[in-house]
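Asker: Okay, here's what each chain looks like letter by letter:
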Amino acid sequence: MHVRCVRAGLKGWGGVGAMAVVCALALAFVLLLPTARSSGDGSTGTGGPGFATATHAKDTTCEGPEKQTLAPSGADGPTITAIKNRQGEKRKLIVGVDLNSYRWGYRDPNRADAELEGFDIDLVRRIAQDILGDPEAVQFKAIPTNQRIPAIQDGRVDMVVRTMTITCDRADKVAFSAPYFKTGQTVLAPKSSRISGYNDTLADKKVCTAAGSTAYLKLKKDRDTGAMPASVDIIPPVPNQLDCLVRLQLGEADAVVNDGALAASQAAQDPTVGLKGKAFTTEYYGVAMNKKADDLVRRVNQILVEYRANGWQASYDRWLSATLGQDASASKPPAPQYLRTS
Amino acid sequence: MTHPPKSSAAPPGTGVPTMPAVPPQPGPPTVPGPPTAHATPPPPPPHRRTAFAEGVDRLRAAATTEPGRLRIIGALLALLVVAFGSVTAWQMTDRAAAADDVLHKSQPLSTAAADIYRSLADANTAASSGFLAGGQETPESRQRYEKDIDTAAAKLVTAANNSDPGSPSAASITKLNKLLPEYKGLVERARTYNRQGFPVGGAYLRYANEKMQDDMLPEAEKLYTKENQRLADDYADATPYPWPAIALGVLTLAALAWAQHRNYRRTHRVLNHGLVSATAAATVVLLWLVVGHSVARAGLNDSYDHGVRSLNVLHDARIASLKARGNENLTLVARGAETVKVGDATLDAYDHDFTEDMAVLGKGLAQAEKLADDQTGEKPVTAAVGNMEEWKKRHATAREEDDNGNYQQALAKVIGAKGATGECFDSVDDNLAIALKHEQSEFKTAAGDGLDALGGLPLGAAVLAVLGAAGAVLGIGRRLSEYR
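Protein chains in written order, with the working numbering: chain A, 599 to 940; chain B, 11 to 494.
If you're looking for bench data, these hints aren't it; they were derived computationally from the structure.
Treat each hint with caution, since some may be false.
[What the hints assert, rightly or not] In silico DSSO-like links for lysine-lysine, alpha-carbon gap of 30 Å or less:
{"#": "1", "chain 1": "A", "residue 1": "K688", "chain 2": "B", "residue 2": "K402"}
{"#": "2", "chain 1": "B", "residue 1": "K351", "chain 2": "A", "residue 2": "K890"}
{"#": "3", "chain 1": "B", "residue 1": "K402", "chain 2": "A", "residue 2": "K690"}
{"#": "4", "chain 1": "A", "residue 1": "K688", "chain 2": "B", "residue 2": "K351"}
{"#": "5", "chain 1": "A", "residue 1": "K930", "chain 2": "A", "residue 2": "K818"}
{"#": "6", "chain 1": "B", "residue 1": "K402", "chain 2": "A", "residue 2": "K803"}
{"#": "7", "chain 1": "B", "residue 1": "K194", "chain 2": "A", "residue 2": "K804"}
[Unchecked claim] Chain B is faced by these chain A residues, among others (derived, beta-carbon under 8 Å):
{"#": "8", "residue": "N708"}
{"#": "9", "residue": "I729"}
{"#": "10", "residue": "D732"}
Even glycine gets a Cβ: it sits at the ideal position worked out from N, Cα and C.
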């Protein structure tokens, strides 16, 4: 009897002991899991999904992407007919633009109305005038740099006129018009800075670029291939190139890599920063449209033929001569070539 | 009546009085066969015994004689009364402190935290409205922004004063205190550039907005949640019944009744003054305890049901309306830059958030209407519901304009002077402020009543317990003296 009691007691204690062990294990799990999970999150914290895919996209090498466009034509096709068939208030061209590019596409905060203005906006009005017969028949949509291609692919906009460089990668996803502006990547830094251009002086410096921009892709590639020092610190890309000027002024970046045309716009807003060195690439801006909208591409090319002859120079003088110089020859697009046939 | 000579039970050779220092202890006797008065034992074994064993012996010996028993009973009664008094005083001090915290510390802090969140979000909304209006912002929007920043700064000081050093709340307050001037600096830069006509002003505003949305508002929300938790904890400490005190009180009264009954059986005397006064004191303490706590509990529960719950719902509704207004503005600032996929449809991200915020607001207002228990509380909420419906209607027409590409008209319908959604938002906000003020005063009255019901109880219980214990000792002493 006594023995049995002891045994039962032991059994009871065994159960308690087992439960204590289970509790301790559970507690350990609860305590350890959050740290494990948070470290997992931390590793992917800085890189967003948006530009991660951009960097891993295949590096298409094609000859002169700015020449891969369709021959001009003024004929209406299905895309243009659909735009023209929009009814009433909706009979407008839907265009993706930027609100933050000084003298390209921006809203002067001191204007009583909320009209957008700039070099890109002039071109948009010209296209709307030609297709819909009214330069005001435009619905502007603000598009962040890395949303330009998805916005076209999803059909949220008819076209993007937003200082968009024609590249081979992008030409795979959207259709470009003939070039309407020539520029190149440059470095922007405080005038007092020792940075002298796109070279070794950027070593150990914090460099700001816009997410999904050609500047970001080029700098990242050059750093990975060793063309630029490995110590160049590319800070997390910002949604808009103008956000780089903010980071520069706040001391969160030492330099900005950007299209020369936009860098000049930034310098125009702050007299203490300036362009450093010469442009180290040659790039062309084009109007981007949907891959399937052949008639629209041809029509825009037709409009550009006329615009280059009449309108382009006036718009340049009005918006850009103050920042890019009286002489427009460095910015003039080359004579267009139409090598794309389908 | 015969009684044995006194002190006959005392073991020989000790001068210690038989009044026991400890109540009888259960436990196995350590010595076999305790000596009794009648037995003439052989000389005890020479080994030394423990003091405890001696005490038990003496107690057993005392229990065999009536004066001894009386002494034990008296001691036990006094001990019970004192224990009852001190447990009552201790438990009620705790509850009174918690109730005081509810009224004077945690609830004001929870309100301060809600105010911090509200004024920060409102400042951000005012700043973005100012930006939408262009470089020349109206004096009203400027004033609103400045007032919000001042409120946030002042409430942060209140919160800092009431938070415990090293607590998570203190860390949140420190962080907010650090971020507030940073935020203000960014907005001032945005203003300067806006006046010069440079779009980088808008970039600064976006950066300020990002800081607010990603760092400051989550921190303020954390603070609000924590302070609400603290409030709930204080309620949980203040309202439960003090069962140990009540049980001890009942036990004490039962013991006193038994002692008096025993006294009556032995002496046929009905009243023993000392014991009666002890009983009276214990009864008063027990009644005071039960009634006082019930009243306090009722007051506190009332302050929770009709004050805190309404306040929480109203604060949440106000925050939802602020978020909705902020998103309505951002829809126009961003102009379709951000989208979300819902099912097959691609929607504007800010407009989607606006719809969700309005749903939260509608739910909150419905709940607040249900919780409102009087006309004064219900009226502003009903008015806010009307404002919200009008807001939704106007918002729909503004969205239609924007979707048709009439940005200027859409802007006028959102931040314009007349007939804009801004009017509706302001009305919702004003009405919710009125409702909040009403519920706050309801809370204060109810919780104040509750706290008052506990006033003096701990001290009273202590004093009465001492008196009761004295009564019990005196009463028993009176009986004892008859044996001298």
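Asker: Hint check: A/K688 vs B/K402, CA-CA at most 30 Å. Holds or violated?
Answerer: 22 Å, holds
Asker: Just to be careful: measuring from the Cβ of A/D732 to every Cβ in chain B, is the smallest value less than 8 Å?
Answerer: For A/D732, the interface hint is violated, since the closest Cβ of chain B sits about 12 Å away, which is over 8 Å.
Asker: Assess, step by step, whether the Cα of B/K194 is no farther than 30 Å from the Cα of A/K804, and give holds or violated.
Answerer: Roughly 25 Å between the alpha carbons, so the hint for B/K194 and A/K804 holds.
Asker: Take the C-alpha atoms of A/K688 and B/K351, compute the straight-line distance between them, and say whether it is at most 30 Å.
Answerer: 23 Å, holds
Asker: Quickly compare the C-alpha distance for B/K402 and A/K690 to 30 Å and report which way the hint goes.
Answerer: 26 Å, holds
Asker: Is the interface hint for A/N708 satisfied, with its Cβ closer than 8 Å to some Cβ of chain B?
Answerer: 4 Å, holds
Asker: Does the alpha-carbon distance linking B/K402 and A/K803 stay inside the 30 Å limit?
Answerer: 50 Å, violated
Asker: Could you check if A/I729 really has its C-beta closer than 8 Å to a C-beta on chain B?
Answerer: 15 Å, violated
Asker: Holds or violated: B/K351 with A/K890, Cα cutoff 30 Å?
Answerer: 23 Å, holds
Asker: Keeping to a limit of 30 Å between CA atoms, is the pair of A/K930 and A/K818 held or broken?
Answerer: Holds, at about 28 Å.
The structure fails hints 6, 9 and 10 (numbered hints given earlier, in ascending order).
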